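Colleague: Residues per chain, in single letters:
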Amino acid sequence: MSENDLSLLKEHFDFISTRESSDHPSINCPADRLIEVCTHLRDKLGYNMLMDVTAIDWDANSPRFTGIYHFLSTTKHQYLRVAADCNDDINPSLPSLTGLYLAADWHERETYDLMGIQYEGHPNLKRILMWDDYPYHPLRKDFPLAGIETPLPADDVAKVTGTSVKPAPMMGGPFVSSADGPMSQTEPRGRDESWTEQKEKPVKDKQTT
Amino acid sequence: MIASKEISIGDVASRTNDAEGELKGDTMMLNVGPSHPTTHGVLRLKMELDGDVVKKCEPVIGYLHRGDEKIAENMTYNQFVPYTDRLDYLAPLANNVAYALAVEKLAKLEVPERCQSIRVLCCELARISSHLLGVGVYGMDAGAWTVFMYTFTEREKLYTLFEELTGARFTTSYTRIGGVARDIPEGWLGRVMEFCKGVLPVLDQVDKLLTRNRIFMDRTVGIGTISKEDALAYGITGPNLRACGVDLDLRKDKPYLGYENYDFEVPIGTSGDCYDRYLMRAEEIRQSVQIIRQCIEHFPEGSYYAEDAKKIFAPKKEKILTSMEELIQNFMIVTEGPQMPSGEVYFEAENPKGSLGFFIHSKGGGVPYRLKIRGPSFCNLSILDKLIPGHYLTDITVILGSLDFVMGECDR
Numbered sequence: 006m007s008e009n010d011l012s013l014l015k016e017h018f019d020f021i022s023t024r025e026s027s028d029h030p031s032i033n034c035p036a037d038r039l040i041e042v043c044t045h046l047r048d049k050l051g052y053n054m055l056m057d058v059t060a061i062d063w064d065a066n067s068p069r070f071t072g073i074y075h076f077l078s079t080t081k082h083q084y085l086r087v088a089a090d091c092n093d094d095i096n097p098s099l100p101s102l103t104g105l106y107l108a109a110d111w112h113e114r115e116t117y118d119l120m121g122i123q124y125e126g127h128p129n130l131k132r133i134l135m136w137d138d139y140p141y142h143p144l145r146k147d148f149p150l151a152g153i154e155t156p157l158p159a160d161d162v163a164k165v166t167g168t169s170v171k172p173a174p175m176m177g178g179p180f181v182s183s184a185d186g187p188m189s190q191t192e193p194r195g196r197d198e199s200w201t202e203q204k205e206k207p208v209k210d211k212q213t214t
Numbered sequence: 381m382i383a384s385k386e387i388s389i390g391d392v393a394s395r396t397n398d399a400e401g402e403l404k405g406d407t408m409m410l411n412v413g414p415s416h417p418t419t420h421g422v423l424r425l426k427m428e429l430d431g432d433v434v435k436k437c438e439p440v441i442g443y444l445h446r447g448d449e450k451i452a453e454n455m456t457y458n459q460f461v462p463y464t465d466r467l468d469y470l471a472p473l474a475n476n477v478a479y480a481l482a483v484e485k486l487a488k489l490e491v492p493e494r495c496q497s498i499r500v501l502c503c504e505l506a507r508i509s510s511h512l513l514g515v516g517v518y519g520m521d522a523g524a525w526t527v528f529m530y531t532f533t534e535r536e537k538l539y540t541l542f543e544e545l546t547g548a549r550f551t552t553s554y555t556r557i558g559g560v561a562r563d564i565p566e567g568w569l570g571r572v573m574e575f576c577k578g579v580l581p582v583l584d585q586v587d588k589l590l591t592r593n594r595i596f597m598d599r600t601v602g603i604g605t606i607s608k609e610d611a612l613a614y615g616i617t618g619p620n621l622r623a624c625g626v627d628l629d630l631r632k633d634k635p636y637l638g639y640e641n642y643d644f645e646v647p648i649g650t651s652g653d654c655y656d657r658y659l660m661r662a663e664e665i666r667q668s669v670q671i672i673r674q675c676i677e678h679f680p681e682g683s684y685y686a687e688d689a690k691k692i693f694a695p696k697k698e699k700i701l702t703s704m705e706e707l708i709q710n711f712m713i714v715t716e717g718p719q720m721p722s723g724e725v726y727f728e729a730e731n732p733k734g735s736l737g738f739f740i741h742s743k744g745g746g747v748p749y750r751l752k753i754r755g756p757s758f759c760n761l762s763i764l765d766k767l768i769p770g771h772y773l774t775d776i777t778v779i780l781g782s783l784d785f786v787m788g789e790c791d792r
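Protein chains in written order, with our numbering: chain A, 6 to 214; chain B, 381 to 792.
Isolated chain A (complex conformation) (with noise of 0.2 Å):
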C-alpha cells in the first residue's frame, strides 16, 4: 500500500524524487512546490495527520537545511516522510503548512526557534521554547553545546543581580571517541569542545570543530 502511495504520488507529481529512508516510504520535495504536495497528501491520499515538523542542519554543505516532515494516515495507518531542501543558506525559508494542518502552527514555531527556518505565511512566527529576545537558534551546528552568554530575559533582574545567562562548563561533560583514527588520537573527549577552561568562551558564527 504504501509503495502504491509513493507511485501515485511520483505519477502525479513528476518533480518529487524518492528519499533514502530505513523505514518509512519518503519523498524529496522541492520547497516551492511543497504546499501543493501536501494538499493533494491530505486530500486524495488519506494522510490526516501531520505528526511532526522539524530540520536538519547540514553544516557546511549547500543546500544547508532541511525540513522534515511526517505525516500519518489514520485510516492506511502508514508513515510518510516529505523532505523539503531550503533555498537560501543564510535566510533559510519554507512555505508554512499552517493552512492545511493545524498541528503545524506550534511545531514551525519550534523549528523556527531552535534552527531559524522562517516560515512564510506562518500566521505567529515568534519563538516558543526560548526566550522571545534570544538572538540564536542554539540546533544550528555551529551553536557550541555549552551555550554562548546572553543578557538574562528579564532586565529588571539582570540590572539589580548584574547576572547573565552563562554557559554551561563542559568540563565534565559527555565524553565519547570519535570512530575513526588511530587508537593514539581518539582517546575520549567532549565531542563539543568550543568551550572549556583553557578555551576562551566561543563568539557568534564561528564553525565547532
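To be clear, the hints were calculated from the coordinates, so they are not data collected in a lab.
Every value quoted in this text rests on a predicted model; they were computed, and no experiment measured them.
We treat Cβ as the ideally placed atom computed from N, Cα and C, and that holds for glycine.
Fair warning: there could be bad hints in the mix.
Covered stretches of chain B (chain A as the covering partner; in silico rule of three or more C-beta atoms under 8 Å from a C-beta of chain A) [stated by the list, open to error]:
(1) 419 to 430
(2) 478 to 491
(3) 693 to 701
(4) 720 to 733
(5) 745 to 753
Fit chain B to the supplied structure of chain A, relying on the hints for placement.
Modeller: Same frame as chain A, but now just chain B:
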C-alpha cells in the same frame, strides 16, 4: 398637581441597555502560572477574561526547555537513555522503551522474545502508573480529593516494583540499545501479578467515587469538548484523541513489541469532552492489567538482550573480566557508543500521554547526527488557544487536568 409620566416598555428596555453599558467594563488580563498547581508543572496561560468567561487564551511554554535534542547530538546512543527518563517523567520506563525501539529500528535489530516481554511489562506498568496519577490529580482538580489518596497508594506499590527491577524509583534508565540493563529479579513477576490483583478493586473504588458522581459529572460533561476534526488537525494523540472517537492506538494499528499477540481492547469515546477523557484513562488501566496478565502467563525464556549484536550491546560483566574479546567489545561500546548504520528513521510508540516519536538521522557511528523528539504533550497542548475560550475560568482547572500533560515532554 403631580405630573405623572407613563412608562412605556421601550423606556425600560432602553434603561436596561444603559445599565448594561455601564456594567460592561474592560476585559481583564489574567496570568496563570508558570508556577501554579493547576498547570501541573510550568505551563503559563495568558488569558483575557470578560467577567468569568475566558475570551482569549495564549499558552506560553518553554519554561522547562533543557535542549535535549542538542544534548543528544553530542553523546552516544546509550548515554542518552537517562535523558529520556526526563521526558514524560511520570512514565519513564515507557520513554526508555520507545527510545530504544527507535534506535533499534535504525540498526534493524530484533530483540529476543524475553526482552520484548520485559519491555511490554515496562510499558504497561508505566501506563498504569501514569494513568493512576492522571486520574488521581484530575479528580483533585475537580474537587474530589479522596481519589488521589487511593490511586497514589497504588502508585507507590508500583514504584517499589520499579525499584526492584531497575534500581531506581523514578529515573529508571532501564533499557539499553539492543536489550535492557538487567534481567528481571527473582519472583518479581509474581509480585507484579499481586499488584494487578490489588489494583482492580481500587479502580472499582475510583469508579464509585467519580463515574456517577453528580458534582464530578457537572464539572466535566460537555466541558472542553474537542471535535474529531480538530483533534486530527492539531495532531492530538493518545487517550485524548480516542476520547474524541478516533480509533487510533499504535499498539493495535502499527504493532511493535509483539502487541498483536495480546488480546486487549482500545476504549473509544463519543463526545470528546472532559468526562470522556476520564473514562478513557480508567478503562485503559484495566486493559493494561489484562495485557500484563497475558504477558506473565506466557513469559518466554531466553536472553534479555540481543546476543548477536556484538557492536551494540555491551557484554556481561563476568565475561568482560575473563575474556579479551569481550573486554575490547565492552571498551568500544562504552567509548564510541553502539555502532549504527547511516540512515533515517522515525518511530512512534503509544505512550501513556500519546504518541512519543523519535526521528533519528544517523551518519553512522555511535552518535546521532540529528535526533528530534516529538512530545505528545506538546501537540496536545497546542489546542488550548482554541479549546479554552468560551469556558468559565473555573473550567480551566478541569480542562487542564483532563488533558493530562507533562511539561518535561512538552518543553524537552
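Colleague: Taking 8 Å as the Cβ threshold, is the statement that the stretch 478 to 491 of chain B is covered by chain A upheld or broken by the three-residue rule?
Modeller: holds (count 3)
Colleague: Are three or more residues of the stretch 745 to 753 of chain B within 8 Å, CB to CB, of chain A?
Modeller: holds (count 6)
Colleague: Using a Cβ cutoff of 8 Å, are there at least 3 residues of the stretch 720 to 733 of chain B near chain A, or does the coverage claim fail?
Modeller: holds (count 7)
Colleague: With a cut-off of 8 Å between beta carbons, are at least three residues of the stretch 419 to 430 of chain B near chain A?
Modeller: The restraint on the stretch 419 to 430 of chain B is violated, since only 0 of its residues have a Cβ under 8 Å from chain A and three are required.
Colleague: If you count the residues of the stretch 693 to 701 of chain B with a beta-carbon closer than 8 Å to a beta-carbon of chain A, do you get 3 or more?
Modeller: violated (count 0)
Consistency note: the structure conflicts with the earlier hints numbered 1 and 3.
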